[in-house]
Structures are given as structure tokens and as C-alpha cells.
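Whole structure, please, built from the sequences with the hints as guidance.
In the working numbering, the protein residues as written are 1 to 135.
Source of the hints: derived by calculation from the structure; they are not laboratory data.
No residue lacks a Cβ here, since even glycine has one placed at the ideal position from N, Cα and C.
Be a bit skeptical, because a hint or two may be false.
[What the hints assert, rightly or not] Cβ-Cβ distance ranges computed for the label pairs, FRET-style:
| id | residue 1 | residue 2 | range |
| --- | --- | --- | --- |
| 1 | L44 | A111 | 14 to 22 Å |
| 2 | F62 | L29 | 19 to 27 Å |
| 3 | V24 | V86 | 16 to 24 Å |
| 4 | D31 | R126 | 35 to 43 Å |
| 5 | K37 | A58 | 30 to 38 Å |
| 6 | R69 | D40 | 39 to 47 Å |
| 7 | F62 | L92 | 22 to 30 Å |
| 8 | L123 | S101 | 31 to 39 Å |
| 9 | W78 | G38 | 37 to 45 Å |
| 10 | I106 | V24 | 14 to 22 Å |
| 11 | D40 | R126 | 21 to 29 Å |
| 12 | V24 | S122 | 14 to 22 Å |
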Amino acid sequence: MGLGGRAALSVPLIALAVAATVAVMVLLLNDEAAILKGWDAAWLYFVGTFIVALPVGAFFAFPAVAFGRWLPEPRQAWLIGIGVLVSIAAGLAINGIEGNSVIDLILVFGAIGALSAQIWWSLVERHRELDAAHD
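Structural data, given as C-alpha cells:
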């Protein structure tokens, strides 16, 4: 399978992983004053996160495939750093208005960005090096 095919398959897998991570965090950290609690809240956040994460992942997949080979070594560390920074910036832009703790947002969205970048590395970028070595 080529790099584009790996990227196309990895985007929904990353969206599922991010949505599952958010659902688990909702189960563990749900406020007692919340309208939806337990599995209902987890399912709602899972579906909502998946719906958002899928097009966002597809949007970022194109430049990642096109320009990923120009990242300096170690590329895995650079990918994780970029994933953390972009995710934190998006989280602060989306949720900063709601009055959530900034530290919580940084930790949660940073972890989501790191997870996404690690999965992208494992499914796509790691194979770019192998494909280039066989040419």
C-alpha cells in the first residue's frame, strides 16, 4: 500500500482514537452538575468528537503527506511537537471562551495532539522511510 493509501486509512483510525480518548475522559471527569452523565455523556462526546476529528484529520493529511519528508530529524519528535502545539492552539480557540481551566485545556488537547501524531507516525511516516530505502 502506498503512502496515500496509508494516510487515507489512518485518518479515520486517528479520529476513532481521539474520540475514544475524549469519551474516556468524559467518563472519568464528568461534573456532577452535568445534564448528561455516564455513558450517555461519553457517547455524545464520542460521536461529536469523531464528527469534528474526521474532516480536521483529512485537512491536515494532505500537507503532512506532501511535506512530511522535509521535516528535520528526528521526524517523530517534530511530528509530536507539531501535533501538540496545533492541538493546544485549537483547544484554546474552541474552549477558551467557556471558562475552562487553561492548564486543563493544555493537558487534554496536548495529549490528544501527541496521540494523533504518534498514530500518524506509526501508520504513515514510518513507512515513508522504509519506502525510500527500497527505491
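(message) Hints numbered earlier in the text: which of these fail when held up against the supplied structure?
(response) The structure conflicts with hints 2 and 11, although it agrees with all the remaining ones.
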